[in-house]
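Student: The task is to assemble the complex, starting from two chains supplied on their own in separate frames and drawing on the hints.
Top line first, the protein sequences correspond to chains A and B.
Position 372 of the first sequence, counting from 1, maps to 372 under this note's numbering, and the rest follow consecutively.
Position 48 of the second sequence, counting from 1, maps to 48 under this note's numbering, and the rest follow consecutively.
Keep in mind the hints are simulated off the structure, nothing from the lab.
Note that the coordinates shown come from a computational prediction; the quantities given were computed from them, not determined experimentally.
Cβ coordinates follow ideal geometry from the N, Cα and C atoms, glycine included.
Just to be clear, a hint being listed does not mean it is correct.
If the Cβ cut is set under 8 Å, some of the chain B residues that face chain A in the computed set are [unchecked claim]: (1) Gln11; (2) Ala12; (3) Thr19; (4) Arg26; (5) Val30; (6) Ile39; (7) Lys42; (8) Ile43; (9) Lys45; (10) Leu46; (11) Met47.
FRET-style restraints, in silico, Cβ to Cβ [to be verified]: (12) B:Phe33 <-> A:Tyr473: 29 to 37 Å; (13) B:Ser28 <-> A:Leu484: 41 to 49 Å; (14) A:Pro479 <-> B:Phe33: 23 to 31 Å; (15) A:Gly229 <-> B:Leu44: 21 to 29 Å; (16) A:Ala101 <-> B:Lys45: 21 to 29 Å; (17) A:Gly480 <-> B:Phe33: 51 to 59 Å; (18) A:Glu214 <-> B:Gly51: 28 to 36 Å; (19) B:Ser28 <-> A:Glu61: 36 to 44 Å; (20) A:Glu145 <-> B:Phe33: 46 to 54 Å; (21) A:Glu27 <-> B:Trp37: 39 to 47 Å.
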Amino acid sequence: MARIVILGAGISGHTVARYLSLWLGKEHRVTVVSPKPKWNWIPSNVWVGCGEMTVDQVTFELAPVYRKAGIEFLQARALSLHPEGDGTRARPFVRVEYTEAARLGQTEDLEYDYLVNATGPKLNFAGTPGLGPEGGHTVSVCTPEHALQANTQLQQCIKEMKKGERRRFVVGTGHGMCTCQGAAFEYIYNVDHALRQAGVRELADIVWISNEYELGDFGMGGVHITRGGYVTNGKVFAESLMVERGISWITRAAVTKIEPGKLHYETLDGAFHELDYDFAMLIPPFAGVGLKAFDKAGADITGEVFAPNGFMKVDADYQPKAFEEWNKKDWPKTYESPKYKNVFAVGIAFAPPHPISKVMKSPSGTQISPTPPRTGMPSAAIGKTVAANIRDLVKGKITAPVYTASMAEMGAACLASTGSDIFKGTAATMTVYPVVPDYETYPEYGRDMALTFGEIGLAGHWMKWILHYVFMYQAQLRPGWSILPD
Amino acid sequence: MTAKNKEPYQQAYYPPVPTRWVKYMRTSLVWQFVRFWVINFKILKLMLKSGH
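Isolated chain B (complex conformation) (with noise of 0.2 Å):
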C-alpha cells in the first residue's frame, strides 16, 4: 500500500515544530531551574532600565 503524500502548501506545513529533545527541555526539572533564574534575572535587568 502506498504512503499518502501529506497535503503541501497548508497553514502548518511551513512554522517550525519544536523537536522532541526540545519539548523535553522545556519541562526537564533541572534545566528550567536554571532558565527560572536566567529569565528572572534578565526581567530585574528590564525593570531597572524601566526605572521601576
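Chain A extracted, bound-state conformation (with noise of 0.2 Å):
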C-alpha cells in the first residue's frame, strides 16, 4: 500500500486528493494535510466582498467530504519537509503541527511514499508596511473572511454616501511585485455595480492602481484579441471598460506604504506619489508558505528544494536569463522535485522559472511589474496531470511521469464579474491559448488566435454563476462530480 500525502486543500490539493481517491481506492492511503477546516471556492469571493454571497454559499467543510470519499484529513500545517528520513528512519516523511482545536500546536511526522506540495500562497501582506486587513489599513478579498469583512467596510462607506458624503475608492496591487490583478479588475468593477445599484455612484471616486505596465496585462504579458475586424491588444479594451465605468487608472506603480487615508507609491519614471483613499482593496504580494526542508543528517537544505521566494522548485529551467531568452521551454512539464523523484508541486506552490511579463524596474532599482499568475483552469489541470502520474506511479505502470500540463502548452479561460445580476448583470470572458505566450509556435501574437478571445456580456455573468455551483458539487464529491469538467 502507498501513503500519498497532499500539503494543502485549495483547488489545486483538493484535485489532486479527489482524483486519487476515485483512481486509487481504497486499496492506497491519501492523506490531505490542510490548517482550514473549510474548502473555499475562490474565485467568488470577490462577490462576498461587495454582498452578493455569504462565507457559506463559497466554503464547505472537508473533513465529511474526505471522510466519504476515504480520504484521511489532518487539519495541521506543514512545517517541514524530510525527503530523505532523518538519523531515525529512511522512510520521508513531513513534519506537520495541528491547527484543531483538539490538538492545537502538537507535532506529528507523516511518512510518505508520494508528497505533493499544494499549499499555495503565503499572502505576503507584511511586503508593504500598512498592507492588509490584520495590522494593516486596506481590505483584501483573498480569502471568505477578508472578504465579508472589505464588504462590512464597503457598506458603511455606502452608508455615508446615502447621507451626501464622497468616498474615494482605491482598488488593485498592493506591491510592485504582485500578481493576480484579475482579481482586483473583477473587484473594481463589483465595487462601481454596487454604488450604482445603491444610489451613490456619482458621489464616489474610484481608482485604479497597479504594477501592470498597461492596463490589461494580468500578469500574462497582455493579450491580444480579435475583434471588430482588427487584433486589438486587451489594453484597448481594459481602458474602455474603465472609461465607461468613470475609472481612472494608475499603472507602473509599486505601492511601498500605506498609511491610514493615504498611500505611497512609485512609479517606473522613478517618481514618488501619494494617493488618498477612503476605502482601499489591495491584492498582496505572493510567496511560498514558508516550508524549510532536511536531509538525513539534519542539515538545512530549503535552498536547494525551494526558491528564494518559497515557491518549490520543479522540472522548470532556473537559469537566470534575459527576457529575450525566455522560451516556453523553460515552464515545467510534470511539476516534479528535480532533486526528490516522488516529491511534486502544483498550484501556486511551484516555482515558475521567470514571470511572463516583461520585468521591469525603476530607476532606484524597484521592480514594478507582475509575477505570474496561477489561475484556477490551470490550477486544476495541474493537480489531475501529477495525480495521474502518481496513479500510474503507484500502479508501477510507468518509472517517471509521463502526462503533462505545461503552462505554456495549455488554455485557460477568466471569468470576471462585472456586476452581478441575472438580468443587467456582466462578466468578461477571457480566454488565452497557450497561458504562457509560445513564440515558436506563434510567431505573431505568441498565442493562438483563434482560442484566445474576450467579450463583454450577461453570458459571461450566468457562466460565471453556474460554475460557482457546478464547482462547489464537484468540490464536494457529489454524484456525478468526476465527469464534470476542471
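Tutor: What follows is the structure, given as C-alpha cells:
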C-alpha cells in the first residue's frame, strides 16, 4: 500500500486528492493536510466582498467530504520536509503541526511514498507596510473572511455616501511584484456596480492602481484579441471598460507604504506619489508558505528544494536569463522536484522559472512588474496531471512521470464579473491559449488567435454564476462529479 | 452661453467607449443566450486542445 500525502486543500490540492481517491480507491492511503477546515471556491470571494454572496455559499467543511471518499484529513499546517528521512528512519516524512482545537500545537511526522506540495500562496501583506486587514489599513478579497470584512467596510461607505458624503475607493495591487490583478479587476467593477445599485455612484471617486505596465496585462504580458475587424491589445478593452464606468487608473506603480487614508507609491519613471483614499482593496504579493527542508543528517537544504520566494522548485529551467531568451521550454511539465522524484508541487506552490510579463525596474531598482498568475483552470489541470502520474507510478505502470501540463501548452479561461444580476449583470470572459506565450508556434502574437478571445456580456455572468454551483458540487464529490470539467 | 470645451488629452479621451447599441446587446436576453452557447463552445475547444 502506498501513502500519498497532499499538503493543502485548495483548488489544486483538492483536485489531486479527489482524483487519487477515485483512481486508487481504498487500496492506497491518501492523506490531505490543511490548516483550514474548509474548502473555498476562491473565484466567488469577490462576490462576498460586495455582499452578493455569503461566506457559507463559497465554503464547505472538508472533513465529511474526505471521510466519504476514504481520504484521511488532518487539520494541520506543514512545517518541514524530510525527503531523506532522518537519523532514526529511512522513509521520507513531513512534519506537521495541528491547527484543530483538540490537538492545537501538537506535531506529528507523516511518512510518505509520494508528497504533493499544494500549499498555495502565503498572502504576504507584510511585504508592504500598512497593507492588509490584519494590522494594516486596507481590505482584501483573498479569503472569505477578508472579503466579508471588505463588504462591511463597503456598506459602511455606502451608508455615509447616502448622507451626501464623497468617498474615494482605490482597488488594485499593493506591491510592485504582485500577481492576481484579475481579482482586483473584478472587484473594482463589482464595487462600481454596488455603488450604482445603491444610487450613490456620483459621490464616488474610483481609482485603479497596479504594477502592470499597461492595463490588461494581468501578469501574462497582456493579450491580443481579434475584435471588430482588428487584432487589438487587451489594454484597449481594459481601458475602455474603465472609461465606460468612470474609473481612472494608475499603472506602472509599486505601492510602498500605506497609512490610514493615504497610500504611497513609486512609479516606473522613478517618481514618488501619494494618493488619498477612504476605502482601499489591494492584493498582497505572494510568497511560498515558508516550508523548510532537511536532509538525512538534519542539514538545512531549504535553498536546494525551494526558490528564494518560498515556492518549490520543479522541472523548470531556473537559469537566470534575459527576457529575450525566455522560452516555453523553461516552464515545467510534470511538476516533479528535480531533487526528489517522489515529491511534486502543484498550483501556486511551484516555483515559476521567471515571470511572463517582462521585468521592469525603476531607476532606484524597485521591480514594478507582475509575477506570473496561476489561475483556477491551470491549477486544476496541473493537479489532475500530477494525480495521473502518481496513480501510474503507484501501480507500477510507469517509472517516471509521463503526463504533462505545461502552462505553455495549455489554455485558460477567466470569467471576471463586472456586476452581478441575473438580468442586468455582466462579466468579461477571456480565454488565452496558451497561458505562457509561445512565439515558436505562434510567431506573431505568441498565442493561438482562434482560441484567444474576450467579450463582455450577461452570458459571462450566467456562466460565472453557474460555474460557482458546478464547482462547489464537484468539489463536494457529489454524484457524477468526475464527469464535470475541471 | 458658449459650451465648455471638453478637456482633451486626458486619460479618458482616447479609449473606445461602447455605443448604446453595444451596451444594449450586452444584456439583451436573446443575444446573450446565443453568446452563452458560443462562448461555452469556444471554451470547450480550448479545453480539448489543452488536453483536459
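Student: Hint by hint, note whether the structure agrees.
Tutor: For each hint, the structure was consulted:
With 8 Å as the threshold, the beta carbon of Gln11 of chain B comes within range of chain A, its nearest partner Cβ sitting at about 6 Å, so the hint holds. Taken as an interface hint, Ala12 of chain B checks out: its beta carbon lies about 5 Å from the nearest beta carbon of chain A, inside 8 Å. For Thr19 of chain B, the interface hint is violated, since its Cβ never comes within 8 Å of a Cβ in chain A; the closest pair sits about 11 Å apart. For Arg26 of chain B, the interface hint holds, the least distance from its beta-carbon to any beta-carbon of chain A being 4 Å, beneath 8 Å.
For Val30 of chain B, the suggested interface contact is broken, since its CB lies about 11 Å from the closest CB of chain A, more than 8 Å. Annotation: interface hint on Ile39 of chain B holds; nearest CB of chain A at approximately 5 Å, less than 8 Å. The interface hint given for Lys42 of chain B is met, as the beta carbon of that residue sits about 6 Å from the closest beta carbon of chain A, less than 8 Å. Hint status for Ile43 of chain B relative to chain A: holds, with the closest Cβ pair at about 5 Å, below 8 Å.
Residue-level restraint check for Lys45 of chain B holds (minimum Cβ-Cβ distance to chain A is 6 Å; threshold 8 Å). A cut of 8 Å between beta carbons decides the hint on Leu46 of chain B: the least distance to chain A is about 4 Å, and the hint holds. Restraint check, Met47 of chain B versus chain A: the minimum CB separation of about 6 Å is within 8 Å; hint holds. Here the CB-CB span from Phe33 of chain B to Tyr473 of chain A is close to 23 Å, at odds with the stated 29 to 37 Å.
The hinted range of 41 to 49 Å is not satisfied by Ser28 of chain B and Leu484 of chain A, whose Cβ atoms lie roughly 29 Å apart. At roughly 28 Å, the beta-carbon separation of Pro479 of chain A and Phe33 of chain B lies within the given 23 to 31 Å, and the hint holds. For Gly229 of chain A and Leu44 of chain B, the Cβ-Cβ distance of about 26 Å falls inside the hinted range of 21 to 29 Å, so the restraint holds. For the hinted restraint 21 to 29 Å between Ala101 of chain A and Lys45 of chain B, the CB-CB distance of approximately 48 Å leaves it violated.
A hinted range of 51 to 59 Å is violated for the C-beta pair Gly480 of chain A and Phe33 of chain B, which are about 25 Å apart. For the hinted restraint 28 to 36 Å between Glu214 of chain A and Gly51 of chain B, the CB-CB distance of approximately 32 Å keeps it satisfied. In this structure, Ser28 of chain B and Glu61 of chain A meet the distance hint of 36 to 44 Å, their C-beta atoms being roughly 41 Å apart. Roughly 37 Å separates the CB atoms of Glu145 of chain A and Phe33 of chain B, a value that falls outside the hinted 46 to 54 Å.
The supplied range of 39 to 47 Å is met by Glu27 of chain A and Trp37 of chain B, whose beta-carbon atoms lie about 42 Å from each other.
In the structure shown, a violation is registered for the earlier hints numbered 3, 5, 12, 13, 16, 17 and 20, in ascending order.
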